[in-house]
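With the hints as extra help, turn the sequences into a complete structure.
Read off the chains here:
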Amino acid sequence: MTEDAEQLFPIEARALAESLEAGLLDLKSHPEDRALIDGVFRDLHTLKGSGAMFGHTRLAQFLHDFETAFEAVRDGRLRVSPALVELGLRACDHAMALLDGGSAEPGEVLLSALAALTLEPGAAQAAAQPDDLAAGTGVGDSLALGREAAAVPDQDGPPPWSLSVYLAGDTLTLGGRPLGVLDELRALGAQRLHPLLDRLPPLSELTPDRLYVGWRMELPGELSEEVIREAFLFHDEGLDLELERRAAGPAEAAAARGATAAADPEQPDAERRPKGSAGAMMRVPAERLDEMMDRVGELVIAEARLAELAARSGDTLLITVAEEIQRLATSMRETTMSIRMTPIGSISGRFRRLVHDLDATLGKPIDLVIEGQDTELDKTVIEMLADPLMHLIRNSADHGLETPEERRSMGKPDVGTIRMGARYSGAEVVITLADDGRGLDLGKLRAHAEKRGLIGPEDDLDDAEIRALILQPGFSTAQSVTELSGRGVGMDVVRRTIEQLRGTLEVESEPGHGTQISMRLPLTLAIIDGLLVEVAGERYTIPLAAVEHIIELPEDRAQETGHTRLLTIRDKLVPFLRLRQLLDSPGAPGPHQKVVVVTAGELRVGLTVDRIIGSSQTVIKQLSPLHAALKSFSGATVLGDGTVALILDVPQLVAFGQALDAVEAA
Amino acid sequence: MMPRAFRSAQPSREFRPAQDVVTLRLGGELLAIESGLVREVLEPGAITRVPNAPAFAAGLLNVRGTVVPLTDLRIPLRMPRCPRDADTRILVLDLKLAGAASVVGILAEKVHEVTQISSAAIEDVPDVGARWPAQFVRAIGRKDTQYFIIPDLDAIFAAFLAVPLGAALQIA
Numbered sequence: 315m316t317e318d319a320e321q322l323f324p325i326e327a328r329a330l331a332e333s334l335e336a337g338l339l340d341l342k343s344h345p346e347d348r349a350l351i352d353g354v355f356r357d358l359h360t361l362k363g364s365g366a367m368f369g370h371t372r373l374a375q376f377l378h379d380f381e382t383a384f385e386a387v388r389d390g391r392l393r394v395s396p397a398l399v400e401l402g403l404r405a406c407d408h409a410m411a412l413l414d415g416g417s418a419e420p421g422e423v424l425l426s427a428l429a430a431l432t433l434e435p436g437a438a439q440a441a442a443q444p445d446d447l448a449a450g451t452g453v454g455d456s457l458a459l460g461r462e463a464a465a466v467p468d469q470d471g472p473p474p475w476s477l478s479v480y481l482a483g484d485t486l487t488l489g490g491r492p493l494g495v496l497d498e499l500r501a502l503g504a505q506r507l508h509p510l511l512d513r514l515p516p517l518s519e520l521t522p523d524r525l526y527v528g529w530r531m532e533l534p535g536e537l538s539e540e541v542i543r544e545a546f547l548f549h550d551e552g553l554d555l556e557l558e559r560r561a562a563g564p565a566e567a568a569a570a571r572g573a574t575a576a577a578d579p580e581q582p583d584a585e586r587r588p589k590g591s592a593g594a595m596m597r598v599p600a601e602r603l604d605e606m607m608d609r610v611g612e613l614v615i616a617e618a619r620l621a622e623l624a625a626r627s628g629d630t631l632l633i634t635v636a637e638e639i640q641r642l643a644t645s646m647r648e649t650t651m652s653i654r655m656t657p658i659g660s661i662s663g664r665f666r667r668l669v670h671d672l673d674a675t676l677g678k679p680i681d682l683v684i685e686g687q688d689t690e691l692d693k694t695v696i697e698m699l700a701d702p703l704m705h706l707i708r709n710s711a712d713h714g715l716e717t718p719e720e721r722r723s724m725g726k727p728d729v730g731t732i733r734m735g736a737r738y739s740g741a742e743v744v745i746t747l748a749d750d751g752r753g754l755d756l757g758k759l760r761a762h763a764e765k766r767g768l769i770g771p772e773d774d775l776d777d778a779e780i781r782a783l784i785l786q787p788g789f790s791t792a793q794s795v796t797e798l799s800g801r802g803v804g805m806d807v808v809r810r811t812i813e814q815l816r817g818t819l820e821v822e823s824e825p826g827h828g829t830q831i832s833m834r835l836p837l838t839l840a841i842i843d844g845l846l847v848e849v850a851g852e853r854y855t856i857p858l859a860a861v862e863h864i865i866e867l868p869e870d871r872a873q874e875t876g877h878t879r880l881l882t883i884r885d886k887l888v889p890f891l892r893l894r895q896l897l898d899s900p901g902a903p904g905p906h907q908k909v910v911v912v913t914a915g916e917l918r919v920g921l922t923v924d925r926i927i928g929s930s931q932t933v934i935k936q937l938s939p940l941h942a943a944l945k946s947f948s949g950a951t952v953l954g955d956g957t958v959a960l961i962l963d964v965p966q967l968v969a970f971g972q973a974l975d976a977v978e979a980a
Numbered sequence: 086m087m088p089r090a091f092r093s094a095q096p097s098r099e100f101r102p103a104q105d106v107v108t109l110r111l112g113g114e115l116l117a118i119e120s121g122l123v124r125e126v127l128e129p130g131a132i133t134r135v136p137n138a139p140a141f142a143a144g145l146l147n148v149r150g151t152v153v154p155l156t157d158l159r160i161p162l163r164m165p166r167c168p169r170d171a172d173t174r175i176l177v178l179d180l181k182l183a184g185a186a187s188v189v190g191i192l193a194e195k196v197h198e199v200t201q202i203s204s205a206a207i208e209d210v211p212d213v214g215a216r217w218p219a220q221f222v223r224a225i226g227r228k229d230t231q232y233f234i235i236p237d238l239d240a241i242f243a244a245f246l247a248v249p250l251g252a253a254l255q256i257a
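Heads up: the sequence lines are chains A and B, in that order.
Just add 314 to the spot in the first sequence (first one is 1) and you have my numbering.
Just add 85 to the spot in the second sequence (first one is 1) and you have my numbering.
Fair warning: there could be bad hints in the mix.
[What the hints assert, rightly or not] Computed from the model, here is a short list of chain A residues facing chain B with C-beta under 7 Å: (1) L499; (2) K935; (3) T957.
[What the hints assert, rightly or not] Computed footprint of chain A on chain B; a stretch qualifies when at least three of its residues, placed anywhere within it, have a C-beta under 8 Å from a C-beta of chain A: (4) 142 to 149; (5) 173 to 186; (6) 219 to 233.
Please keep in mind that the hints were generated in silico from the structure rather than gathered at the bench.
Yeah, the Cβ is synthetic: ideal placement off N, Cα and C, and Gly gets one too.
The structure is reproduced here in structure tokens:
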């Protein structure tokens, strides 16, 4: 148990440090936000406390001064300044380094810098207690009002708290330190401490390592209930705690109201939602979720078979049961998928930190705006996205945004903006990364690509094609390779990652106004909506997300085999590929061919099939290494009747078709 | 699991004296597959053709919800092929492909029995090298008067995976 806790500590600490980092970055733009200051203080306090508990004394000692500094901020004796935020961020890094066993920066340097900062008379213009409250309202931040309410009883001199507490009996065996808790309470101002011995068993039944003693004490009435309960942060389990105002009266009611109001501010503010605001959380190894998803996938397949068999039998009782199971399997699938869904916001802290650092290194003030943080994607997708997005942000900051002087001369605000957005679009999530910088210089791009031998001078490319060149391997526009980006490996790695995730990438740019990169990604990698089609008696699944519409192939076109493969669809010429030919299928096409119009990147292509069977939930099974070389298929799925159908990889299939055409034409 | 892991480390021409094997008919010959590798024997159900795949691994089948590739050892062993009939079976094997544990089906014209055979080194059997690619035959087994080809599955699959399929397969 203790070992478990020790293993968990680094994970917890990392989460705390991330939350701390996010809080500090928020403070940079909202230096007077009470909720944020409290959050930062709480994170520092917890990190220090749990660090000490698990023997990370260096970490605890190091954080102590920062905790004191933020305590001063919380109490209004110190103002948040950019320098303090910066120091806080570096302290975060240092704390993480200490956790990892090494330390990149000597902590003493940070501590003396902190000491200098806290003693600076200007920064420390000690605001008197009442001013502090006024400052809270002065911000005009409605969130601060909750705190106000909580503080109201202060003026009446609220009656002291009476606290009786028994820690869990196994506290000692689990490595807890009751004396530490008492110390903490004493620091809060605990008085009249009495042991409670009523639970002490007779000597014959006493187990030496169990904790039977409880304590009763008085605590200053000014403290909020939250603060008192925080002293028991690591003793939640089995905690027996009674906390009440000594004299019940209107003040108590007010305090209770205040406490709820104080808790409220965190809720409406989703953007800055602190960790653990939801009730009980559980950490689960990711592999278990993957395993669970596999099982659910099999369940969905088995259920489809059952439904088909039941329908064929015509037995109404069986059909009822099959429908019931179908309902359960569907909700099971949705629940499992939702467990794996993670909001984009979970990785946005890294981006904000990156921008903060870039700001300093590049000497370009940058504002990172993140929209749609709550948009959720499969956790695997999120994790794989982090690096490409970091790269894109670095690119935007380095190549896209101009220096403040250049910006001013162009009539733009000094501060460059990088905007990251995430939103749902059908069964996909669209992530955009836009900057308001100089945009892509198409002429330069083209010249560079020619120099690199990616295209020849005679190649006729339209603007979109030129923009797409930056995604090519070995393309780098940086005049000189900078420390940040421009190693020439970046963009095509981004593209490859997105393609691996079965997503697409698009570059838009307006000279002088900025560049936007849009990534479309499937919500999940495990199950997709598929369109089941039939070609020569064989069934294939086309990802529904790629399907635009379906039309009937005009009969006069059905039998032709020539190379003119263009159809007029809604006044537009659309090339089409005969799946029968692509898939080397036996037999001749029937008279009523259908054309499934799909989009592959910016291309619209029709695929001719014999029959449309319908759409269905498709559980994707990876192909074995024996078939990994067949790029036209992204996987296989098991159909309701138990047979296997291949899933067409539309962009790859289109590329394959074009290659076939090229071979035939040659 | 353990014996399989060690197996590939052994010199391919050596074979333990007595071995539990599943015997089967393929290309008119008798083959023996180490029984520890065989997960189950299935009657061929619906087999999905994989377009543009090489003949060695031209199909997929569903083994209890798992998609399993179906392979035909007659291709690497250069044996004549005949159409499927009532005796045709599929052996589902646990193999390591490219370092990962995989399930693979192999086609059998008929499955005979699980038995113990003793093996003879390949050189002891005349004419064999001339008829099958020697690098794909691990040994020749013997039971009474019958001889069995013991294919070197590791070598066969490794050779298949080593071919740059992309170019060879995609555009014929």
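Consistency of the hints with the structure:
1. L499: violated, 56 Å
2. K935: holds, 4 Å
3. T957: holds, 4 Å
4. 142 to 149: holds (count 4)
5. 173 to 186: With 3 residues in contact (Cβ-Cβ under 8 Å with chain A), the coverage given for the stretch 173 to 186 of chain B holds.
6. 219 to 233: With 0 residues close enough to chain A, the hint is violated.
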